[in-house]
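*Asks:* Chain by chain, the residues:
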Amino acid sequence: MVSASSTGALVTIPAANLMRFQLFVLLPALAAAPSAAAQVSITGIRDLTFGQVIVGIPSSVGPSHPTKSGQFRITAPLSSKVQVRFTLPDALAGPGGAQLPISFGSNDAMAIGSAPGSTPITFNPKATRNPQFQPSTAYDVFIGGTVTPAGNQQPGSYAATITLTITNF
Amino acid sequence: MRTLSIFGIALAAALMLPAVSAAQGVLVAPHAVVIDHRTRSGSLSLYNPGDQPAEVSLSTFFGYPVTDSSGNFDLRTVERPGTNMPSAAGWLEAFPKRMVLQPKERQTVRLLARPPQALPDGEYWARLVVSAKGGSVPVSGVSDSSGITVGLNLEVRTVLPLQYRKGAVATSVRASGLSAGVEGDSLAVRLHLVRQGTAAYIGTVRGALADGSGRTVATFSSPVAVYYDVDPRFTAALPDGKLPPGPYRLRVEVTTEREDLAPETLLAARPVRDSLELHLP
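Chains A and B, in that order, are what the protein sequence lines are. The working numbering numbers the first residue of the first sequence as 1 and each following residue consecutively. The working numbering numbers the first residue of the second sequence as 1001 and each following residue consecutively.
Bear in mind the hints are in silico, worked out from the structure with no lab data behind them. One thing to keep in mind: the hints can contain errors.
To be verified - SDA-like cross-link-like pairs, simulated, lysine to any residue; straight-line CA separation at most 25 Å: (1) Lys1104/B <-> Asp1051/B; (2) Lys126/A <-> Phe1062/B; (3) Lys1104/B <-> Gln39/A; (4) Lys126/A <-> Arg1157/B; (5) Lys126/A <-> Ser1070/B; (6) Lys126/A <-> Ser1131/B; (7) Lys126/A <-> Asp1068/B; (8) Lys1104/B <-> Thr165/A; (9) Lys1166/B <-> Ala1118/B; (10) Lys126/A <-> Gly1134/B; (11) Lys1166/B <-> Gly1197/B; (12) Lys1166/B <-> Pro1263/B; (13) Lys1104/B <-> Leu78/A; (14) Lys126/A <-> Glu1155/B; (15) Lys1166/B <-> Leu1119/B; (16) Lys1097/B <-> Leu1075/B; (17) Lys1097/B <-> Thr163/A; (18) Lys126/A <-> Val1129/B; (19) Lys126/A <-> Ser1069/B; (20) Lys1242/B <-> Ile121/A; (21) Lys1097/B <-> Ser1131/B; (22) Lys126/A <-> Phe1061/B; (23) Lys126/A <-> Glu1079/B; (24) Lys126/A <-> Asp1231/B; (25) Lys126/A <-> Leu1075/B; (26) Lys126/A <-> Gly1071/B; (27) Lys126/A <-> Arg1076/B; (28) Lys1104/B <-> Thr163/A; (29) Lys1097/B <-> Ser1059/B; (30) Lys126/A <-> Ala91/A; (31) Lys126/A <-> Thr1077/B; (32) Lys1097/B <-> Thr161/A.
Stated by the list, open to error - Computed footprint of chain B on chain A; a stretch qualifies when at least three of its residues, placed anywhere within it, have a C-beta under 8 Å from a C-beta of chain B: (33) 44-55; (34) 72-80; (35) 152-166.
Glycine included, C-beta positions come from ideal geometry on N, C-alpha and C.
Extracted from the complex, chain B is given alone in its bound form (with noise of 0.2 Å):
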């Protein structure tokens, strides 16, 4: 009941189109950059789909991505990079660095690197922040008597994760302390993940839980980002919302495919697989 009144509510909201002219955003593209240290330079493509002009700014930082206790994928941010961390985000630069966007118009950024002489080969790392916000600060709100008005303008940031590379790079994972328990209506899956070579691993943890009979009752598939080690955790929705007891056996895959990124950008290794059986009482 609860549900369809926020829904009703959701739809009259939906239905306030016109609020959507005060838009202000911005659309990037790709939102993964690979830099190849023969070319030093990459670009993204921005877009304002909005009525509305938005600034515009780009900005990188140093961070990488790790897991909190309950296994979400988070981002550890680095301000001061020693030189033992493969940081690029020093001698990245984009051009413009500031801009405008009119509604429906489109800009290149160009991303230049100016790494260090004698840089080693390796993979070196960082992030682009694109923030947009409205060309205005507009103060919303009506005033009573007392003649206080009240407004909180939007403001949104994008950041994508930025890859240079130099010379031969390499990938693969290491799996390992593969649990998963029965939480709610979903089947809960944690694994270990080390990373193995000099580059990250960007790929997929796919898994399925087979019944007695062999037969699939539960699938998952995530994107995964292992650029030291990670403890993720993944949920597959159960049929019915529950399992019968009974033997099942869990099957999983780590590999370097990504559904949402250019296969070109993506370094292959070998698929990592592990299995575990499971009783549920």
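Next comes chain A alone, as it looks inside the complex (with noise of 0.2 Å):
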């Protein structure tokens, strides 16, 4: 059975080979949350890292990546309904005040629930989402993205910060 809502209810389907995978998810998530059933929880699991970037070539990373992508855990009680707002940077910051401009595609972000079944659903992460925990607790929320250096980008570290909010209504 599919259950899906453009409100971004988890998309549900049966399928006996996705338990492995749950298992992974799950386990983690349990392990950060263990008590108390009326508690949230949001954590950034893994940075958003691009690698080798070349002057003058844009380089994207995936949401899907499984070393690059960003990615961030929440947990919430069954049945709440929490709203999801990323806050993405138009540019890193780099020496001497330089500029690398970073963009954010509409399929730039993915969510993954915790209950068994559950499915990659992806989204456009300068757009809310509104899930609801049913019947997934936990949901894996990861990010991709694209830099575009310049042919006379300056050498250097650039740095910035992705913030992901969850409003408890």
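Dock chain to chain to rebuild the complex, using the hints, since each chain is given by itself in its own frame.
*Replies:* Structure, rendered in structure tokens:
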């Protein structure tokens, strides 16, 4: 059965071969939130990284990239509903005020619930989503993006922050 | 096929669990706070589940839930709430307001209210923001011959509702404008809800669609928060993604029950029910 809505409710399909994956997602989530029911947590798991960046050539990381995509984990009580919103930078700040543009496409975010049968859904990180934690009580949210270094991009370290906000109503 | 491909990659991502060691974040409980005027205090429990220290800060602002044109809940924030708005944001303080939570460390945060003298009876609202980021700001990435390194750090924020109650407060809700239709593989339901009384209506909307024989074929249950008025949209998955033609009846119930909140924080009110006849071609 498929259960879907534009409000972000988890899409669910029975698929026995997905069980192993769900265990991997569920176990860390349980480890992070072991006790009371009425609690919510949000954790930044992995920074978004781009690896080698070549001047003059755009570099993209997809949300499903196994090591470079940014990863957050959200846990909330069963049946609760939250709003998920990214605050995204337009550019990374570098040496001497230099800027490195970064952009985010409409499929650069992905969410996976912890419930058995959960399957990934991609979404636009610039838009808010209102997932309901039913049947999943944990979501892993991944994000990618594209940096576009100029041909004369100044060498150095470039950094910025991605913020994920969850709002309980 | 695309789903399985994404799944495979995501599985690989899940297997890269060493990355978890860099986690930064915070667990917050409870996720809704009610403070009574008689005690003028409350508390939050914070926990750092990661393996790195987390810088945590707390702040307050005034805002309340509204719905957008699609029926999704959003938060309307008011930077400078007027005297006609029931804001508690200006007279609430958290102790401590900033802290560094070591890995696996817990911290209780006290919330103290200093309301103005002669505060009228009623309910006053604020939003608590719990922000967390890693204790350091590493720049990740590998430089090439150009010497450019690129990294984006993650910061997380949790926004919680806080209600401050003075004296006797009551709530209820008026429902109108029930409508429904099949959209894709779901039943989409819209409802106009207007809060009555002196306090926010925190509850749940449940719906059930029955066919001509009275058999329930689809249901939904969703939490709602009505501070003024909202027009939420709910969806119920249809069996096999569709319904055979015929008459149906949709019943909707709005109650002050919430599975995710402590019952003592909820204000009880009489359930509100509505129904709608549908004929699907």
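*Asks:* If a hint holds in the structure, say so; if it doesn't, say that too.
*Replies:* Going through the hints against the structure:
1. Lys1104/B <-> Asp1051/B: holds, 7 Å
2. Lys126/A <-> Phe1062/B: Given that 25 Å is the threshold and the Cα spacing comes to 23 Å, the pair holds.
3. Lys1104/B <-> Gln39/A: With Cα atoms ~16 Å apart, Lys1104/B and Gln39/A stay inside 25 Å; holds.
4. Lys126/A <-> Arg1157/B: At roughly 16 Å apart (the allowed maximum being 25 Å), Arg1157/B and Lys126/A satisfy the hint.
5. Lys126/A <-> Ser1070/B: holds, 16 Å
6. Lys126/A <-> Ser1131/B: holds, 20 Å
7. Lys126/A <-> Asp1068/B: holds, 16 Å
8. Lys1104/B <-> Thr165/A: holds, 22 Å
9. Lys1166/B <-> Ala1118/B: holds, 11 Å
10. Lys126/A <-> Gly1134/B: holds, 23 Å
11. Lys1166/B <-> Gly1197/B: holds, 14 Å
12. Lys1166/B <-> Pro1263/B: holds, 19 Å
13. Lys1104/B <-> Leu78/A: Holds, because 24 Å separates the two Cα atoms, which is no more than 25 Å.
14. Lys126/A <-> Glu1155/B: Cα-Cα ~16 Å, so holds.
15. Lys1166/B <-> Leu1119/B: holds, 8 Å
16. Lys1097/B <-> Leu1075/B: holds, 23 Å
17. Lys1097/B <-> Thr163/A: Between Lys1097/B and Thr163/A the Cα gap is close to 20 Å, so the pair holds against 25 Å.
18. Lys126/A <-> Val1129/B: holds, 21 Å
19. Lys126/A <-> Ser1069/B: The given pair, whose Cα atoms are some 17 Å apart, holds under the 25 Å limit.
20. Lys1242/B <-> Ile121/A: holds, 21 Å
21. Lys1097/B <-> Ser1131/B: holds, 11 Å
22. Lys126/A <-> Phe1061/B: Measuring from Cα to Cα gives roughly 23 Å; hence the hint holds.
23. Lys126/A <-> Glu1079/B: The given pair, whose Cα atoms are some 23 Å apart, holds under the 25 Å limit.
24. Lys126/A <-> Asp1231/B: It holds: about 23 Å lies between the C-alpha atoms, which stays within 25 Å.
25. Lys126/A <-> Leu1075/B: Roughly 16 Å separates the two Cα atoms, so the pair holds.
26. Lys126/A <-> Gly1071/B: holds, 18 Å
27. Lys126/A <-> Arg1076/B: holds, 18 Å
28. Lys1104/B <-> Thr163/A: holds, 22 Å
29. Lys1097/B <-> Ser1059/B: Judged against 25 Å, a Cα distance of about 7 Å means the pair holds.
30. Lys126/A <-> Ala91/A: holds, 15 Å
31. Lys126/A <-> Thr1077/B: holds, 19 Å
32. Lys1097/B <-> Thr161/A: Roughly 22 Å separates the two Cα atoms, so the pair holds.
33. 44-55: holds (count 12)
34. 72-80: Result for this restraint: holds, n = 8.
35. 152-166: n = 13 at 8 Å, threshold three: holds.
Of the numbered hints stated above, none is contradicted by the structure.
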